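Given next are the chains, with one letter for each unit.
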Amino acid sequence: MATYARPLAQPQPHAEEHEDPREHLMHDPRPRGEMNAMIMESMHVTSWKFWMVTGILTLIVITCVGYAWYYMIMQGLGVAGVNRPVFWGIFLVNVVFWIGISHAGTFISAILRVLKVESRRPFTRAAELMTTFGLVQAGFSVFMHMGRVWLSYWLFPIPNERRIWPDFHSPLMWDFMAITTYLLCSTMYLFLPLIPDLAMARDRTEGGWRKTFYSILSLGFRGTEGEWKNLTTAMNIFAFAIIPVMFSVHTIVSWDFAMAQRPGWSSTVFGPYFVIGALHSGMAAVAIVLFLLRSTMKNYKYFIRPEHFDTMGRLMLMVSMAWAYFYFNDYLVPWYGGGKWEKLIQEFTEKGPLAPLWYTMLICNIAVPWLILWNKNWRRTPWLLAITGLLINVGMWLERYIIIPEGLTINRMPFTWRLYVPHVEIALTIGLFALFMLLYMLASRLIPLVPVWEVQEGQEAHIIRKIGKAEVSTLSDLE
Amino acid sequence: MAAELELAGFTNQSEQELGGRWGMVIDQDLCTGCQACVAACSMENNVPFVGEVDAAYGRTMHWIRIERLWDSMDYPNVKMTSFQPLLCQQCHNAPCEPVCPVYAAVHSMSEDLNLQVYNRCVGTRYCANNCPYQVRVFNWRDYTDARIHPELTTLQNQLNPDVTVRRRGVMEKCTFCIQRIHKAEDKAKSEGREVRDGEFTTACAQACPANAITFGRLDDPESEVNKTVAANPSRDNHLLEELSTLPRITYLAGGV
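Those sequence lines, one after another, are chains X and S. With my numbering, the residue at position 107 of the first sequence is 107, and numbering never jumps. With my numbering, the residue at position 50 of the second sequence is 50, and numbering never jumps.
Since the hints were made in silico from the structure, they are not lab data. In this text, all values refer to a predicted model and were calculated from it rather than measured experimentally. Among these hints, one or two may not hold up.
Said to hold, decoys possible - Examples of chain S residues lying across from chain X (beta carbon under 8 Å, computed):
1. Gly123
2. Arg125
3. Trp140
4. Thr144
5. Ala146
Unchecked claim - Simulated DEER-style distance windows between Cβ atoms:
6. X:Asn329 <-> S:Pro161: 54 to 60 Å
7. S:Asn93 <-> X:Ile216: 50 to 56 Å
8. X:Phe240 <-> S:Arg147: 56 to 62 Å
9. X:Pro356 <-> S:Pro161: 49 to 55 Å
Just so it is clear, CB atoms sit at the ideal spot from N, CA and C, and this is done for glycine as well.
Please model the entire structure based on the sequences and the hints provided.
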């Protein structure tokens with residue numbers, strides 16, 4: 001009796017789950033020279049559209065930041081919408097919002113670098129740049145908020161003949177110190193991984209002001225082994241050290257509110273809640289920036305791929321859930337505790353004239369990401385991710401609006417309750433967004449927004465091996 | 001029971017600190033809501049007129065205001081609460097003070113008053129946010145500059161020379177008429193004695209036609225303020241006492 005050896009059933013991969021490893025940037029290497037040339041080209045090629053957008057943004061910045069702010073300084077804050085009891089208006093909303101945006105840059109860059117997440121490689125710089133520019137907007141907003149901005153140097157601890165120092169009891173002072181520290185740290189952290197790319201740009205530039213620019217900034221980097229060793233060490237120190245700085249900064253921002261003796265603000269959960277809120281808006285902003293870079297910059301479709309949007313989408317989903325958790329905490333405790341004023345503020349948020357803002361916030365921050373980001377194909381669609389990011393940012397801006405001007409509307413003295421109607425703040429807010437985009441666009445022509453050397457390093461380390469019939473992506477240890 | 005319970009020397013600190021130097025009693029039964037105190041205070045302290053547009057938008061700058069609230073808004077059964085003149089409560093534990101980054105809101109140890117140093121203020125407005133009584137006011141515009149408002153040129157003649165005129169971007173609030181306190185103290189010092197209770201009074205107390213406002217020394221048990229409180233044992237209360245700000249103004253509840 002003959003026996004028949006039946007072959008084992010071959011597992012058929014689902015067609016939609018099958019991935020070509022060469023879809024990944026790390027497995028799609030190009031020669032170094034070619035890649036460098038691609039990046040150099042992306043900085044030099046500027047179409048008329050670029051200049052048109054730059055011109056429009058410049059006009060907006062001049063009118064909305066320059067003129068409107070000048071007008072407000074000369075006239076006093078009366079031209080803005082702030083009143084009693086809403087002493088803090090959209091200016092502070094913008095401060096918190098932009099610091100939030102700036103957080104994701106460092107988070108993505110530092111935490112993903114520390115955890116050695118490989119898909120971070122092409123977009124760390126875009127995120128880090130967002131940190132620095134976001135902090136610039138936050139700084140502008142702080143100064144716009146002040147009643148006598150021409151005396152703002154009194155907030156600096158400068159020795160003076162009256163021997164009056166800033167009061168370090170004030171949360172605003174902690175805030176000021178924290179933001180300054182963060183700006184310095186994040187700028188250095190942006191600069192360190194930039195050095196090899198600047199050196200690359202220097203070597204590929206023929207004379208002109210660009211040559212001088214790159215020569216000065218690259219600090220004479222030649223790529224010797226000792227230089228690389230020092231650079232890696234410095235980057236490592238910064239990547240680890242900046243994470244606690246980042247957490248502390250947004251906690252301190254939240255203390256501006258949590259330390260105040262106000263119903264709705266005085267909450268112990270505000271620290272982590274604000275940190276996660278910052279990541280929520282910041283991650284979403286990275287998604288928007290990546291989409292814009294991919295669709296406008298030459299050659300960037302090679303570097304920024306659907307897989308990176310996938311990574312961002314997963315992070316956004318995770319952060320959105322964490323945010324919902326913290327929001328629930330911040331909501332439930334006053335609701336259950338039944339404090340008179342806290343409940344009144346909650347009722348005002350949900351049923352008052354500004355209730356649509358609250359519902360929009362919940363939809364944008366929770367419903368939208370949860371409905372869209374579960375789907376892998378949707379996560380890998382850049383424009384869809386950018387729209388999700390935009391909606392999340394709308395939601396997060398509204399969240400700060402609900403906490404600050406809306407929370408201030410209700411206080412313990414019912415006689416003073418009054419609604420807040422923004423005036424000049426709207427122009428200033430638009431101007432700040434334009435300034436952010438303008439800075440980013442100008443930077444995109446000056447520095448490589450993709451860390452080329454990190455991409456090349458990653459591509460060297462990634463190999464596809466065949467084990468049996470399966471293709472397995474392996475990664476050799478880099479350090 | 002509770003009084004006997006002694007927990008390792010812990011005492012109610014706030015009760016002990018209820019001393020103070022200058023204080024005020026406001027009798028809500030006597031207050032007629034005539035706003036004479038508001039006018040007198042504005043004249044004494046050079047409080048600017050903000051105009052009807054800003055006033056309607058919540059930017060009045062009165063250092064004292066008469067709060068008038070309704071218990072019920074169901075039309076036929078509308079019941080109004082007693083008038084509540086509200087001015088800076090001169091808290092001993094003032095929430096406005098620690099939050100100022102430039103020491104513009106400071107505590108006077110000698111007078112036990114909250115001071116606002118106008119020329120140090122940079123206008124972060126944190127103090128006003130943190131004031132649970134919402135009695136701090138902000139100079140939203142240059143309300144007192146005759147170059148901007150020519151109609152003020154002659155009105156400026158009525159400014160009190162003892163009090164500064166504030167410019168835009170500065171926070172201000174009731175000072176308990178500190179210029180009068182200092183004047184009385186200087187006089188007493190030159191005569192080699194302490195300031196006597198009732199020797200002077202604040203503008204609001206001086207103007208009150210119903211004598212609802214009494215101002216005087218808290219550290220003198222025989223002072224008018226302390227005697228008025230003692231004479232109305234069931235009516236005295238402090239606003240938002242639960243925040244333990246230790247205000248120096250005592251209200252005598254109306255309608256009790």
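**OP:** With a cut-off of 8 Å on the beta carbons, see whether S:Arg125 makes it to chain X.
**Re:** OK, holds: S:Arg125 within 8 Å of chain X, min 4 Å.
Original post:
Can we keep the S:Trp140 interface hint, with Cβ of chain X closer than 8 Å?
Top reply: With a minimum Cβ separation of about 4 Å from chain X (threshold 8 Å), the hint on S:Trp140 holds.
Original post:
Should the hint that X:Phe240 and S:Arg147 are 56 to 62 Å apart at their CB atoms be regarded as holding?
Top reply: Holds, at about 57 Å.
**OP:** State, for the Cβ atoms of S:Asn93 and X:Ile216, whether the hinted interval 50 to 56 Å holds or is violated.
**Re:** Holds, since S:Asn93 and X:Ile216 (Cβ atoms, about 55 Å apart) stay within the stated range.
Original post:
Quick one, is the S:Ala146 hint okay against chain X at 8 Å, beta carbons?
Top reply: S:Ala146 check fails; min Cβ-Cβ to chain X is 16 Å, beyond 8 Å.
Subject >> Satisfaction of the S:Thr144 interface hint, Cβ to chain X closer than 8 Å >> reply: violated, 12 Å
Subject >> Assessment of proposed distance window 49 to 55 Å (beta carbons of X:Pro356, S:Pro161) >> reply: holds, 52 Å
**OP:** Using the Cβ atoms, figure out if X:Asn329 sits within 54 to 60 Å of S:Pro161.
**Re:** Roughly 56 Å apart at Cβ, these two residues keep to the hinted range, so it holds.
Subject >> chain X contact restraint on S:Gly123 - CB to CB distance below 8 Å >> reply: holds, 2 Å
When held up to the earlier numbered hints, the structure conflicts with 4, 5 and fits the remainder.
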